[in-house]
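Protein chains: 2
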Amino acid sequence: MSAATPGGPAAAPRKRGRPARGSAEDGPGARERILTSARTEFAERGYDKASVRAIARGAEVDPALVHHYFGTKEQVFGAAIESAFAPAFVVPRMFEDSRPEELGEKIVRAFFHIWEDPRTRDPMLAVLRSAVNNEKAAQVFRRLLQRNLLSRAAAVLDVPDAELRVELAASQMVGAALVRYVIGMEPIASEPLDQLAARLAPAVQQHLTGSPAPGAGAAAGGTAGS
Amino acid sequence: MSAATPGGPAAAPRKRGRPARGSAEDGPGARERILTSARTEFAERGYDKASVRAIARGAEVDPALVHHYFGTKEQVFGAAIESAFAPAFVVPRMFEDSRPEELGEKIVRAFFHIWEDPRTRDPMLAVLRSAVNNEKAAQVFRRLLQRNLLSRAAAVLDVPDAELRVELAASQMVGAALVRYVIGMEPIASEPLDQLAARLAPAVQQHLTGSPAPGAGAAAGGTAGS
Numbered sequence: 001m002s003a004a005t006p007g008g009p010a011a012a013p014r015k016r017g018r019p020a021r022g023s024a025e026d027g028p029g030a031r032e033r034i035l036t037s038a039r040t041e042f043a044e045r046g047y048d049k050a051s052v053r054a055i056a057r058g059a060e061v062d063p064a065l066v067h068h069y070f071g072t073k074e075q076v077f078g079a080a081i082e083s084a085f086a087p088a089f090v091v092p093r094m095f096e097d098s099r100p101e102e103l104g105e106k107i108v109r110a111f112f113h114i115w116e117d118p119r120t121r122d123p124m125l126a127v128l129r130s131a132v133n134n135e136k137a138a139q140v141f142r143r144l145l146q147r148n149l150l151s152r153a154a155a156v157l158d159v160p161d162a163e164l165r166v167e168l169a170a171s172q173m174v175g176a177a178l179v180r181y182v183i184g185m186e187p188i189a190s191e192p193l194d195q196l197a198a199r200l201a202p203a204v205q206q207h208l209t210g211s212p213a214p215g216a217g218a219a220a221g222g223t224a225g226s
Numbered sequence: 001m002s003a004a005t006p007g008g009p010a011a012a013p014r015k016r017g018r019p020a021r022g023s024a025e026d027g028p029g030a031r032e033r034i035l036t037s038a039r040t041e042f043a044e045r046g047y048d049k050a051s052v053r054a055i056a057r058g059a060e061v062d063p064a065l066v067h068h069y070f071g072t073k074e075q076v077f078g079a080a081i082e083s084a085f086a087p088a089f090v091v092p093r094m095f096e097d098s099r100p101e102e103l104g105e106k107i108v109r110a111f112f113h114i115w116e117d118p119r120t121r122d123p124m125l126a127v128l129r130s131a132v133n134n135e136k137a138a139q140v141f142r143r144l145l146q147r148n149l150l151s152r153a154a155a156v157l158d159v160p161d162a163e164l165r166v167e168l169a170a171s172q173m174v175g176a177a178l179v180r181y182v183i184g185m186e187p188i189a190s191e192p193l194d195q196l197a198a199r200l201a202p203a204v205q206q207h208l209t210g211s212p213a214p215g216a217g218a219a220a221g222g223t224a225g226s
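Chains A and B, in that order, are what the protein sequence lines are.
Mapping of the first sequence onto this note's numbering: position 2 corresponds to residue 2, and the numbering continues sequentially without gaps.
Mapping of the second sequence onto this note's numbering: position 141 corresponds to residue 141, and the numbering continues sequentially without gaps.
Extracted from the complex, chain A is given alone in its bound form:
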């Protein structure tokens, strides 16, 4: 995200980015408030409808300060989802710290742990909604996942098709999250998390370490599926 102005304390504030009302709305707290507000705004309204003005209002800062810290709306989005996904970045470490055969269960539990908590779920919802509806948002999302999750996890898995495997596992979890939290479809929506995890873990494990079905080209033969 080279385009994103590193807007931390290091960056010198531009004049027009300074709020007129004084230092109360600036400072380190403002940056966090803007990110929080951005996550809410993107979650509730999606990328297309979200506005920097509303994000600023939610953070009780001037819109110019949002631009000052983060740049364009696309860049605000990038920063918001990067902070939203911070909990998920533990996953690559799991690949390092786990035996291969326990990865399915561990990753599924970590993933749904994030989704079950509204504070971390809403940002994920924001990302999902926006990426589904807007190509720019999808692009930001792809870059973020690629850099922080897929490549890192795949590097640890250390098989030629590692990225495909990790992504298939992700597709299973994202699909289940979509059905459970977004579409709200029963019975998955109300399934106790333990039971749901017990169902998903073998499928995720299959993707990470199992064999593909033998009948890749031909019609359905014996889909033994180890």
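Simulated from the structure, these hints should not be mistaken for lab results.
Computed from a predicted structure; not experimentally measured.
Some hints could be false.
In this list, chains with the same sequence are indistinguishable; a pair is considered to hold if it fits within one copy or across any two.
Pairs of lysine to any residue, SDA-like flavour, derived with a Cα cap of 25 Å [as the list claims (entries may be wrong)]: (1) K136 <-> L149; (2) K73 <-> R147; (3) K106 <-> K136; (4) K49 <-> Q195; (5) K106 <-> L193; (6) K106 <-> S190.
Assemble the complex: chain A is given as a structure, and chain B must be docked to it using the hints.
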């Protein structure tokens, strides 16, 4: 949903609902054109932004005729996705006609056959985008899937947790479709269909006929381990 007027064929056409230009835009062709236009409109703009006016324009009919045939926007949406999903309604029949162990492969192939063809993909995208962003659309979607796919497929599977199994299988396929067609994330986006199906089939099969993971936690009662 009390606002939804049941506007099907049973409803007497309102005078202002009749097109002025004569019978060319009415008749059986108009209904089909409206559905086609509605699928495009919902696909491109999502439920929230789609308008009956634009649907009418795309079908070259008067907006009143859309209301006459289908009722409210919500009902137009219901009719559009029902027609969009018609190809998917072969799936329950697969449950009847297949040996259990070949279901994974067969269903995955049928599902992606629908998604690979832009004519059937666009309507599915419409549904997915809309259901992700709008609770009313999600509700229509839930009802449709419940009635036409889940219950019917589950009835054939004939195990106590059949609906959960069918829905988990669906969640895997929807998740993969999301990654491949909506987010466009590599390597899944470019994976040849045969290979992708060979990867997904064992996971789907696992959901339909496999055992849950043993480590379901204390709460997992009936989840007999493999």
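Hints, verified against the model:
Within a single copy, K136 and L149 get their C-alpha atoms as close as 20 Å, which meets the 25 Å cut-off; across copies the closest is 33 Å, which misses it. For a Cα distance limit of 25 Å, the shortest separation of K73 from R147 inside one copy, 21 Å, qualifies, whereas the shortest one across copies, 41 Å, does not. In this assembly of identical chains, K106 and K136 lie within 25 Å of each other by CA distance neither inside one copy nor across copies; the values are 32 Å within and 35 Å between. For a Cα distance limit of 25 Å, the shortest separation of K49 from Q195 qualifies neither inside one copy, at 37 Å, nor across copies, at 38 Å.
When the C-alpha separation of K106 and L193 is checked against a cutoff of 25 Å, the pair qualifies only within one copy, where the shortest distance is 13 Å, while the shortest distance between copies is 29 Å. For the identical chains of this complex, K106 and S190 are intra-copy neighbours only, at 21 Å inside a copy versus 28 Å across copies, given an alpha-carbon limit of 25 Å.
Consistency note: the structure conflicts with the earlier hints numbered 3 and 4.
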